[in-house]
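Using the sequences and the hints, build the whole thing.
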Amino acid sequence: MFRSRTRFRAYSLAASCLLLGVSSSALAGDAPSTIDPLNSPSWQYVQARYFDGQKLIFDDRIKVLAPTAAEDPLDVPIMVTSDGIADVEEVVVIADLNPIQKILAYQPKRASPDISFRFKVEQSTPVRAAMRTKDGVWHLGGTWLSAAGGGCTTPSGGSSGLWQGHLGEVNARIWPREDKNQRLRLRVIHPMDTGLAKGVPVFYIDQITLRDDSGAELATLQPFEPISENPVLSFDLKNVGPVHVEGHDIQGNTFTATIQP
Amino acid sequence: MRNGVIGLATFVSVAAGAGDDYHLQPVPVGDSAQVFVGKTEGFARGNGGNIVNTGFIVGTDGVIVIDSGPSRAYGEQQRAAIEKQTALPIRQVFITHAHPDHFLGDQAYSGIAISALPKTIAAIRDHGEALSDNLYRLLGGWMLGTRLVPPDHAAQPGTVIVAGRKLRLIAAQGHTDADLMIFDEATRTLFAGDLVFFQRAPTTPNANIEQWLSTLDTIDQLDFQYLVPGHGPIVQDHAAIAQTRDYLRWLSTTLHNAATRGWDIQEVMQTPIPERFRSLSVLDQEFPRSVTHLYPDIELNVLPKQTAAKHE
Ligand SMILES: [Zn+2]
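Residue numbers (my numbering), protein chains in the order written: chain A, 1 to 261; chain B, 1 to 312.
Since the hints were derived computationally from the structure, they do not count as laboratory data. Don't take each hint at face value.
[To be verified] If the Cβ cut is set under 8 Å, some of the chain A residues that face chain B in the computed set are:
no.	residue
1	Arg-61
2	Leu-65
3	Pro-67
4	Thr-68
5	Glu-71
6	Asp-72
7	Pro-77
8	Met-79
9	Pro-99
10	Lys-102
11	Ser-116
12	Val-170
13	Phe-203
14	Ser-234
15	Ala-257
16	Ile-259
[Claimed, not checked] Facing chain B, a subset of chain A residues (Cβ under 8 Å, in silico):
no.	residue
17	Ala-148
18	Arg-173
19	Trp-175
Ideal Cβ placement from N, Cα and C applies to all residues, glycine included.
Here is the structure:
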């Protein structure tokens with residue numbers, strides 16, 4: 001963690017320059033935005049696959065907080081922060097060198113784009129968060145995560161069947177925050193199998209929706225296979241009062257909960 | 001989870017510095033116990049895993065060894081260094097707990113009784129490869145030829161006579177679920193294993209902090225003259241116990257407070273560490289590791305189960 005912060009500083013100067021270059025287009029045009037500050041061997045592929053033809057800048061306000069080294073490759077804690085970037089409509093988190101790159105997509109409606117989660121990592125990889133603002137521009141930030149690996153091709157602990165009978169069970173709590181905000185922390189019991197472990201079919205939660213008491217959407221989340229078993233998530237919502245959670249997995253199992261503040 | 005045998009095969013094939021010299025020099029404590037004092041560092045190729053304290057006691061008709069170190073090479077060099085000190089045969093090896101830096105030198109003692117608490121034996125036998133995986137990766141060639149040899153004798157807590165020496169075997173827990181301490185009555189030397197750290201941040205991959213703190217209270221009551229921590233310098237007072245307790249209490253309080261405030265793991269890792277712990281080596285590595293080990297259970301305690309949950 002400490003090293004990743006230093007690493008971020010090391011390239012933040014370059015990132016600022018790029019940001020400047022893009023925003024004052026007279027100087028730089030489009031080209032500089034595609035130079036990856038993380039020097040990922042897969043950057044061109046990632047860019048083509050997820051951002052093809054879209055406007056993109058590296059923005060050092062976006063940070064991916066990760067441990068210096070993954071202590072447990074099955075459960076790497078990540079926090080994405082945006083330093084108050086306004087009008088974020090969608091957040092995508094990608095691990096370039098994971099066999100399944102996309103970790104989650106998140107649409108904060110009445111929520112901060114900041115989100116915390118844990119995921120399975122297969123090998124050392126850049127982890128990047130991309131935030132699309134209202135003007136259609138993707139803002140990218142990230143860090144390198146060092147990992148010994150095996151997280152994606154190892155069956156979840158839940159493959160032992162311990163989760164059966166508890167599938168979709170929700171633990172959650174709301175913490176009121178200043179200015180009519182609230183922190184929601186949520187744990188859902190689910191094996192989140194990637195399908196990459198031998199003999200264990202893919203099985204994961206693919207949709208979670210958070211609503212306020214009137215039924216209006218606060219945020220929607222699409223977790224993907226790399227999210228850790230029994231996902232633990234933290235959201236920062238612009239809401240007071242209860243939150244209704246509903247979600248389902250790729251086999252159509254659903255879960256719901258109403259969390260009182 | 002991961003397979004240490006694969007790690008071993010992979011890294012042995014690229015190993016260059018097999019049999020590297022640990023330069024083990026025993027430091028006398030009391031009149032007949034001696035300690036190989038490890039560096040207060042993390043595992044690294046530069047130290048070959050010599051970050052642990054091991055020791056031996058010369059009895060009237062033999063020698064007792066406490067912990068065999070992080071690799072076959074360490075165990076062999078430890079044995080050679082002991083045999084330089086005394087012509088008496090090695091009678092027994094005690095393994096304090098199931099962490100690989102304490103037992104992977106067992107191979108050097110074939111034919112000699114290796115004793116540990118039953119849960120330690122089971123943990124090494126059942127999970128030894130996974131426990132050791134990290135070392136193969138981090139230490140490379142130092143691990144050449146290292147194989148897992150689980151202890152073969154169950155240590156019975158209480159007073160025993162080994163090699164003519166009266167030893168008190170104390171079974172405790174907290175650092176792991178089975179931590180053996182060896183108290184040499186003649187020199188009043190306590191080999192505390194990893195229940196006590198000094199000048200180095202404690203490690204917690206299998207820890208139960210509440211149990212550990214209660215064990216530290218027990219250790220405080222022991223009438224020792226010398227205390228050999230698992231990691232860090234030997235002490236003649238209670239400073240190492242106090243420091244270990246202080247850190248573990250702070251760690252536990254910090255994690256519980258964070259959970260109560262609704263913090264996620266990464267926010268907990270940003271917690272400023274009090275000045276008094278800054279002198280502990282490898283603190284910046286061990287604190288985030290400890291958060292990762294301990295926080296998931298603690299946070300779950302403050303997340304109530306939602307009864308409205310259902311599934312189809
Ligand atoms: Zn230990």
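Now the hints, each set against the structure:
no.	hint	result
1	Arg-61	violated, 17 Å
2	Leu-65	holds, 4 Å
3	Pro-67	holds, 5 Å
4	Thr-68	holds, 7 Å
5	Glu-71	holds, 4 Å
6	Asp-72	holds, 7 Å
7	Pro-77	holds, 4 Å
8	Met-79	holds, 4 Å
9	Pro-99	violated, 17 Å
10	Lys-102	violated, 20 Å
11	Ser-116	holds, 4 Å
12	Val-170	holds, 4 Å
13	Phe-203	violated, 13 Å
14	Ser-234	holds, 4 Å
15	Ala-257	holds, 4 Å
16	Ile-259	holds, 6 Å
17	Ala-148	holds, 6 Å
18	Arg-173	holds, 5 Å
19	Trp-175	holds, 4 Å
Going down the numbered hints, you'll see the structure goes against 1, 9, 10 and 13, while the others check out.
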